[in-house]
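Asks: Residue 373 in the UniProt record's numbering sits at position 373 of the sequence shown, with consecutive numbering throughout.
If you are wondering where the hints come from, they were derived from the structure by calculation, not from laboratory data. It should be emphasised that the depicted structure is a prediction, and the values quoted were computed from it without experimental measurement. No false leads were slipped in.
Only pairs whose alpha carbons sit at most 35 Å apart, straight line, appear in this in silico DSBU-like list of lysine-lysine:
| hint | residue 1 | residue 2 |
| --- | --- | --- |
| 1 | Lys48 | Lys17 |
| 2 | Lys152 | Lys362 |
| 3 | Lys191 | Lys230 |
| 4 | Lys362 | Lys344 |
| 5 | Lys352 | Lys152 |
| 6 | Lys98 | Lys392 |
| 7 | Lys103 | Lys191 |
| 8 | Lys148 | Lys352 |
| 9 | Lys191 | Lys98 |
| 10 | Lys344 | Lys152 |
| 11 | Lys157 | Lys362 |
| 12 | Lys392 | Lys103 |
| 13 | Lys392 | Lys193 |
| 14 | Lys265 | Lys148 |
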Amino acid sequence: MDKKNFFEKIKKIQNNKIFGFSLLIFFLFIGIIALNIFYINENPQLIKRLWHPLITPIFIMMILGITLNFIGNNIPLLNKFGLGFLLCILVPSFLVHKGIINKDILHNFDKLFFNKPSVKSVKDGIGINFSQFFITIVISGSILSIDKELLKRSIFKFIPLTLISIFLSILITSFFGYLLNYQCPAIFMDKSKGSFWDSIFFVLVPLTNGGTNLGINGFANGIYCNVFQKESADIRTAILAPLILARVLSIFVAGILYVLFDKTKFSGQGQLEINQKPQSFKKSFKKEDVDKKNILDYQNIGMGLLIIFALYSIGNMLNVFISENTFIELDAMVYVILMLLVIKIFSLLSEKNQNYVSQAGKFMMINFTAPVLAGLGLTTDFSELIKCITDKNILFMVVLSITLVVSITFVLASYFGFYSLESALTAGICSHSIGGTGNIGVMAISNRLDLLPFAMIATRVVGPIIFSIAAVTFSLIYR
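Construct the complete structure from the given sequences, taking the supplied hints into account.
Replies: Here you go:
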């Protein structure tokens with residue numbers, strides 16, 4: 001019997017796949033990239049011959065991201081708390097910290113591929129800035145994939161509730177930051193505006209402005225980089241810690257809310273709106289309609305990318321023109337997001353073309369989310385990250401911010417026609433930019449997977465709104 005179980009387990013392991021590949025083939029890929037890194041470590045003078053500016057860094061971050069995400073997602077219990085996300089960031093950062101991935105590899109990856117180089121680094125050129133490429137495509141696909149009627153309804157009820165809760169949470173928490181005499185990271189100290197404003201822009205805004213992709217990378221490569229004239233990687237390290245803490249805490253909070261309130265009058269048993277007819281978003285569309293809408297064609301993704309590139313070019317030109325002729329300097333993504341929302345609400349693009357953009361976004365999200373998180377980890381200073389995470393003031397403000405936003409949405413929900421528990425889970429917890437994995441974790445642990453569209457609106461629509469507002473106010477205050 002034991003022998004039979006042993007062979008069954010061996011067979012099960014053999015049938016496991018990573019990213020669609022058998023374990024043997026994927027381990028071969030790991031061996032190839034390990035050999036590549038070892039070769040560069042041993043022969044740093046050959047890096048220009050061993051390093052392709054696009055293929056090598058993509059290969060490194062794909063192997064790291066896919067492997068670590070697979071490991072994190074297959075560890076029972078901990079996988080529900082976003083372990084894959086944490087491993088993708090912490091392990092690559094630790095590998096650089098220990099010198100397993102050397103400084104030459106890091107420089108080529110960071111300055112020439114993943115991020116926008118500092119304006120002082122003339123020798124590095126303008127770089128590829130892959131993180132911006134990824135952000136633009138994913139955000140475009142995400143916004144245009146939201147159901148238009150759901151988005152319209154959300155504008156008048158759900159989005160205002162989420163924004164009110166976030167703003168109140170930010171104001172109250174930043175006041176406590178002032179009382180605690182919060183000191184911003186040293187990298188920002190020369191332009192510090194005091195504990196109140198520093199708490200907002202270096203702790204609370206990173207929690208609510210669109211997550212690691214838009215919020216952290218967007219600010220680190222955009223307006224923060226321009227104002228502070230520092231390296232993007234250093235800025236990212238300083239503002240990433242609050243978001244990591246929030247992602248860990250959010251699912252615990254969701255579990256506590258579920259246990260305390262699921263069987264009470266505050267629960268809608270999975271329905272957000274009090275007068276909503278019972279339905280399931282997963283069952284609300286005919287299968288044949290979904291199939292027709294999502295027919296994939298190689299050219300469709302290319303067409304979606306072309307639309308996204310056109311929107312980004314317009315947004316970038318607008319940003320440069322306005323910043324050159326006024327005192328306002330934002331990020332190109334602010335204008336892209338505004339254009340996307342207008343396009344979606346007023347149907348300025350045909351549904352077919354919107355689907356192409358959505359498909360392009362899904363392609364990037366499915367294939368590159370974990371790799372981009374690994375890239376984020378590679379360019380994050382491990383010792384500084386741990387220092388920020390263990391800062392008692394930051395920990396207190398993150399816990400307080402989540403507690404406040406959950407409490408405020410819980411109390412205000414009935415005034416907007418929503419159930420308190422469902423509002424606290426979606427407009428509350430999911431407003432803290434915990435990302436797709438975090439949203440699924442929150443909804444799964446609370447048995448509310450049908451509310452994922454609202455969770456996505458809290459993260460993917462409200463997040464960019466906060467990003468845009470924060471970019472404007474930051475440019476006025478920290479100039």
